[in-house]
Amino acid sequence: MIEENNEIIKIIQLDKTTITLIGTAHVSKESVALVEETIMSREFDCVAVELCPARYENLKNRSWWQNLDIYEVFKKKKASLLLINLALSAYQRRLADKVGVEAGQEMIRATELALDNKI
7 MIEENNEIIK IIQLDKTTIT LIGTAHVSKE SVALVEETIM SREFDCVAVE LCPARYENLK
67 NRSWWQNLDI YEVFKKKKAS LLLINLALSA YQRRLADKVG VEAGQEMIRA TELALDNKI
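So in our numbering, spot 65 of the sequence shown is number 71, and the numbers just go up one at a time.
Bear in mind the hints are in silico, worked out from the structure with no lab data behind them.
It is possible that some hints are incorrect.
What the hints assert, rightly or not - Think about it this way: if two alpha-carbon atoms lie no more than 27 Å apart in a straight line, the pair counts; the simulated DSS-like pairs of lysine-lysine are: (1) Lys16 - Lys124; (2) Lys66 - Lys22; (3) Lys35 - Lys66; (4) Lys84 - Lys66; (5) Lys35 - Lys104.
Whole structure, please, built from the sequences with the hints as guidance.
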């Protein structure tokens with residue numbers, strides 16, 4: 007059952023569990039602020055972000071590609087994936103420069119707040 011239903015925040019009640027979903031844009035100051043306000047305004051048992059461990063590390067370490075072993079990339083036949091990631095990163099970086107916030111900052115901020123507040 008959906009308790010609250012607006013375009014950005016959805017609160018879902020499943021038995022005794024309340025789930026708060028925050029819709030965000032990956033390059034948006036408003037999304038970062040919304041994540042901060044929401045996490046700080048309520049008591050949560052946990053905070054989850056839609057990131058695999060590798061993507062999380064890439065967001066935390068923006069220069070990940072500098073430490074990449076190119077030989078391993080080609081050996082594992084992942085060169086096309088690398089090129090796509092680099093192209094996407096370049097596009098997001100240009101967009102982030104225009105907006106003034108880094109891509110994925112709302113997810114990084116959510117994890118920082120969760121760690122800082124021991125959630």
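Output the numbers, in ascending order, of every earlier hint that fails for this structure.
Of the numbered hints, just 2 does not hold.
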